[in-house]
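J.: As given, the protein sequences belong to chains B and S, one line each in that order. Sequential numbering from 1 applies to the first sequence in the numbering used here. Sequential numbering from 147 applies to the second sequence in the numbering used here.
One should not assume that every hint holds.
Computed list of lysine-lysine pairs in DSBU-like fashion (alpha-carbon distance at most 35 Å, straight line) [unchecked claim]:
#, chain 1, residue 1, chain 2, residue 2
1, S, Lys489, B, Lys87
2, S, Lys289, B, Lys134
3, B, Lys52, S, Lys414
4, B, Lys14, S, Lys378
5, S, Lys289, B, Lys86
6, B, Lys14, S, Lys479
7, B, Lys87, S, Lys478
8, S, Lys316, B, Lys87
9, S, Lys316, B, Lys14
10, B, Lys86, S, Lys489
Facing chain B, according to a computed beta carbon distance under 10 Å, are these residues of chain S, among others [stated by the list, open to error]:
#, residue
11, Glu149
12, Pro199
13, Thr324
14, Leu325
15, Gln405
16, Ser486
Source of the hints: derived by calculation from the structure; they are not laboratory data. By construction, the Cβ of each residue, glycine as well, lies at the ideal position given by its N, Cα and C atoms.
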Amino acid sequence: MIFNNQKFKKMISKRFVLTFPPEATGEPITYNLIKKYDIMVNIVRADVSPGKIGHLVMEMTAPAKTLKEGMVYIRQQNVECEPIEKKIHYREDLCIHCGACSAVCFAGALTMGRMTAELTFDPEKCVVCELCLKSCPLNLFSIDID
Amino acid sequence: MSEKRSIEEINEKIRNGKAVVLTAEQVSAMGKELTPAEITRKVDVVTTATFGPMCSSGAFINFGHTTPPMRMEMITLNNVPAYGGIAAVDAYIGATETATPNDTYGGAHIIEDLIAGKDILLQASAKGTDCYPRTEIKTLINKNSINEFIMFNPRNAYQNYNVAVNSTSKLKFTYMGTLLPAFGNANFSTSGELSPLINDPELRTIGIGTRIFLGGATGYVAWNGTQFNTGKPLNEYGVPVGNAATLSLIGDAKQMNTQFIKAAYFEKYGVTMFVGIGIPVPVIDEEIAMTVSIRNSQIETNIIDYGSGNFEILGRTDYESLFSGEIPLNGKKIRTAPLSSVKVAREIAELLKNEIAEGRFFLTEPVALFTKTTGLNNLDIRL
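Extracted from the complex, chain S is given alone in its bound form:
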């Protein structure tokens, strides 16, 4: 009979301080010697993590009302525009927003500065209405003065991602970092065997309502992420090759920590934000025990030419090779470099492991699982 356990049984063990919690790296090492059945018997929870640049991030802010009140329309925070096309004093600040296209300071910096407790200059204008007569405001806000400060990231935690190379003779500056000409380097951006959605590739335990670590605070999976794609080809270990599933995440930014939320600027690309995410995977059966045991050598992804503009797939590699410092391509060796911090991902996995083992973080049964998709629509230009 195959080994099984429920999330409620795991929570009971956490409550009694008896849960065995390991990080995904620890269980990958264990998987070299133990069978999935043995791992299921020994391990209750596996913690996964990532800390990489995730552009599709941002935060809702409620500034509080003034007297007389105002329905803010054009809103800026330290001169960075925030979206005000919602109710009176609500706004959404997107991580990649900047005052001008060339600015190195943007929405991600506003979010990081607010989390750090700094004052931010709020300026807004409005046409004024009978119920909201004020037309102008200029004041300072910080995380204690505002009401809600809710991080809501439409697309985070990509299940896997491409490796970027540059076939051209020119230096290219991309969201995958600086790419040297003539295949001078190969950049990649996931935490490999630590990566959350690699450890539960079919999303059997991660769904709507899953409690997670987000930016140093407790967060939740709100929905599937945008560009969610379960239709990608799988390799022999059941891992999608290339960018596949994503998550939409939510959490209280007031509780977050700038150690795990970092504003960043990629040369000639723009502003983005490093987001720290940790997701616990409950070892509910042998199938999950097998997927959490996945090793870097078994996770593959595509090598894509980001230089030429047509994003051609040039080959395939695995994360053991990527982390080794060089990969072979067309008979040559190319130096590799990560963009996502495995060091910080390890810290998150370790933190979450301790939180669970010490009975401060309990696991959740997803409220609903995600619907499988067959692929993504392209945007047709119809005019």
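Looking at chain B on its own, in the form it has when it is part of the complex:
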């Protein structure tokens, strides 16, 4: 049996954005991903509150086949599940630090330093919602496809 253990299969880590409908599903999705599918789950960012569309950014680690099964399971719960295959590219050298992009960054990847008044971009927190692309008055954000 030990040879069937996932530890010996090629593990893949991938980030996903889960979008929850305003009405709660009642299903313990992350619990089931871990318990039933043996997927390692790392929650990067959560913005879920009752009655509103919620977002969950998480990294899932498992063999490719298991990851696919996990995605099918999530979607069966009426939750959108999109792998993050894009990255935001930011032209920091041309930035004037106005802060207009930070207004729309609900993921908290674009923030203004209170003392420095400078913009900071943390790609680790970015959920690639792409709102910054339209909000930057100098058009300094673009999409890189992995």
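Given chain B, work out where chain S should sit, using these hints.
T.: Chain S only, in chain B's frame:
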């Protein structure tokens, strides 16, 4: 006896390299510990600055004459229309002008590109007259080929401005940036305690003829700005709550620097221009010492609903809260974001401070002070 000094005395100190110059942020910090009388004794000049999007901006250009000459009528610069309803080869390019309403490239880009030294395509047509026979022209111009390139901005440096929120369920794209639905964010656009007209709220030292920093060059206050309104209610610190006084500014765009003039595009709104402005405030008496010491917590403005279309005032907040990253409204906390760059405003205040302290920039007595107003006229639809 209260402390006083004249602008001539301050200029004499600048000439001798003895003037004490601080930025508005530095003097605000000083104001926590020193009295206005002590500040008047210690400080000669306070530098203020702002770097925000200012739509009411543009430039006059004189292209020079061709042989045979032409009285240009329909004029475009890189296909962006310029106003030609003035003398032969003069034109005015407005910052927000675009070739089509949906264009992301416009007058502000032309101005920035010209300042940067780039070539711009000039096309013009005319009916032709006996004295100006040419009817068509297509050529390249740049800042060295043209005669005058005069930035003239009818309305800049708003004394204070609204905070924009969106009460609706839809994402709104405005000149106050992107507003998330259901009060998802609150956007504001002044540099707070660094803001020029906040530091001299009654405009006692800033008037017609005041020498300033404009876009990286020396500029001047030409007149009061359009929509100049000194009739706004004041808070307990004497600061107008909401948008009040404005300035009309002029300067030689050939000397400007694209670090301080930046073309911008706001989604589904249009083209505008970030304009860098620095204004020195001479500490002529204790009253000015008190106003330049104003802190972000003492400057208040209105929170306005830009989503619903009726611009209802929903509340009031102060700049300390706005810069903290969130403000309370109706029992909830809303994330805030600036649209005007405090980082660049600080650079301008620091640059101007050094220019004055090192004897390269002298202060001016206003030629005339602005007339107070009681409010603005609305446009009535009479037909």
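J.: Checking against the hints above, which ones are violated?
T.: 4, 5 and 11
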